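Could you build all of it, start to finish, from the sequences and the hints given here?
Residue numbers (the numbering used here), protein chains in the order written: chain W, 1 to 156; chain F, 1 to 231.
None of these hints come from the bench; they were simulated from the model. This structure is a prediction, so every number in the text was calculated from the model and none was measured. Check each hint, because a few of them may be wrong.
[Stated by the list, open to error] Residues of chain F placed beyond 12 Å of chain W at every Cβ, according to the derived structure:
id: 1; residue: 1
id: 2; residue: 12
id: 3; residue: 15
id: 4; residue: 69
id: 5; residue: 110
id: 6; residue: 118
id: 7; residue: 132
id: 8; residue: 159
id: 9; residue: 161
id: 10; residue: 177
id: 11; residue: 208
[Stated by the list, open to error] Here are a few chain W residues that face chain F, going by a calculated C-beta distance under 8 Å:
id: 12; residue: 4
id: 13; residue: 5
id: 14; residue: 10
id: 15; residue: 46
id: 16; residue: 138
Ideal placement from N, C-alpha and C gives every residue a C-beta, glycine not left out.
Listed here are the chains, written in short residue letters.
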Amino acid sequence: MHAYQGIAFRTAYVIARNAADAEEAAQDGFVKAWRALGRFREGAPFRPWLLQIVANEARNRVRSAGRRASLALRAATEESSGGAAPSPEAALLSGEQRAGLLAAVNSLPEEQRTVLSLRYFLGLSEQEVAETLDVPLGTVKSRTARALERLRESYD
Amino acid sequence: MTELERALVALGNELEFPPTPDFWPRVGERLQRRRWVRPLVFAVALGALALGVAMAVPPARSAILRFFHLGSATVQQVAKLPPAQQRPLAAGLGPALVREDAEMYAHLGIRLPKGVTPQRFYAQPGLIATYLSYGGKPVLLSELKGDQTVLFKKFASPATSVQPVDLGEFGLWLVGGPHVLMWQFNFGRIHRVETRLAGNVLLWLDKDITYRLEGDLDKSQMLALARQITR
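Following this line, the structure appears as structure tokens:
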């Protein structure tokens, strides 16, 4: 389970948008996963099962009061927009487009933003997103489609 | 993937996430504190009750023709085998884990033959297991803590031989005929039994640990492997 610390913490952060809550959620999720390990369905993928437990913990914390941060760009990324040559991936977007797209993501309804963040920022498959959020695959697809539709206006 | 989707992936690489804290030590501390004794006490009580009932009722007494109790294992000869199928040796023992994680979950350090470094381990509270290779054949090594019965071995065929062996404090060698392995796990109120057909088995008790080797080896090979584990 060591190997999943990073993805578990980021999943919790995407949902809770607060580092302290994300750490607590990931830690509690790991403890609960350990205790439930005997009930883990053999042959099933382990990562989404673990992330589902962590995501539940993170959602429970969102319901409590506390400061929620928006996703932000790394400072170096913002500064480098007029400086050194960007990576091929980063070259897809100008600095202004990056900021605009991120602002659009941050303004999405929470359910759509979470699906999009897990899918594209953390690199989970659609199936993994569905299992992590404990929703049907079709729900992930429709939330993704609606979110992309809204973003397209900002991006184009 | 559309251009917008590629742009989102690129954006993800540029995002500022807080550094991942190393919360694993804290998880470990919390797991070490966890009270794993209670479910096992429950298992003992359940086992004792079941055995008491079985021995008190004449038809049940005849159904369990004889049994051997060895540490965490009970070997029973029964009139009729419970239904069981061929399954992988580690079936029912949970996902494959690295050694450190498995030992933490089992609350038990595994003893291995010298120079052997398996990559995959399986664990349940009080139980740890791994695959070994002997003469190119896979062998499942399981080690169980204490004397709470979590393992039942049932055989019916007269072709099955159960022989005592000079190993540890007491050992048994089971060979021939179909026999059924039943792991019994208890998690709070959840009671789970995993059943499968088993191969040749060597069971022995040494210093409060029940050891079990299962695989397609003969008695001398199995004993040689066992003596590399507990000497």
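Cross-check of the supplied hints:
no. : hint : verdict
1   : 1    : 9 Å, violated
2   : 12   : 3 Å, violated
3   : 15   : 6 Å, violated
4   : 69   : 24 Å, holds
5   : 110  : 17 Å, holds
6   : 118  : 18 Å, holds
7   : 132  : 21 Å, holds
8   : 159  : 31 Å, holds
9   : 161  : 31 Å, holds
10  : 177  : 27 Å, holds
11  : 208  : 22 Å, holds
12  : 4    : 10 Å, violated
13  : 5    : 6 Å, holds
14  : 10   : 6 Å, holds
15  : 46   : 5 Å, holds
16  : 138  : 19 Å, violated
The structure is inconsistent with the numbered hints 1, 2, 3, 12 and 16, although it conforms to all the rest.
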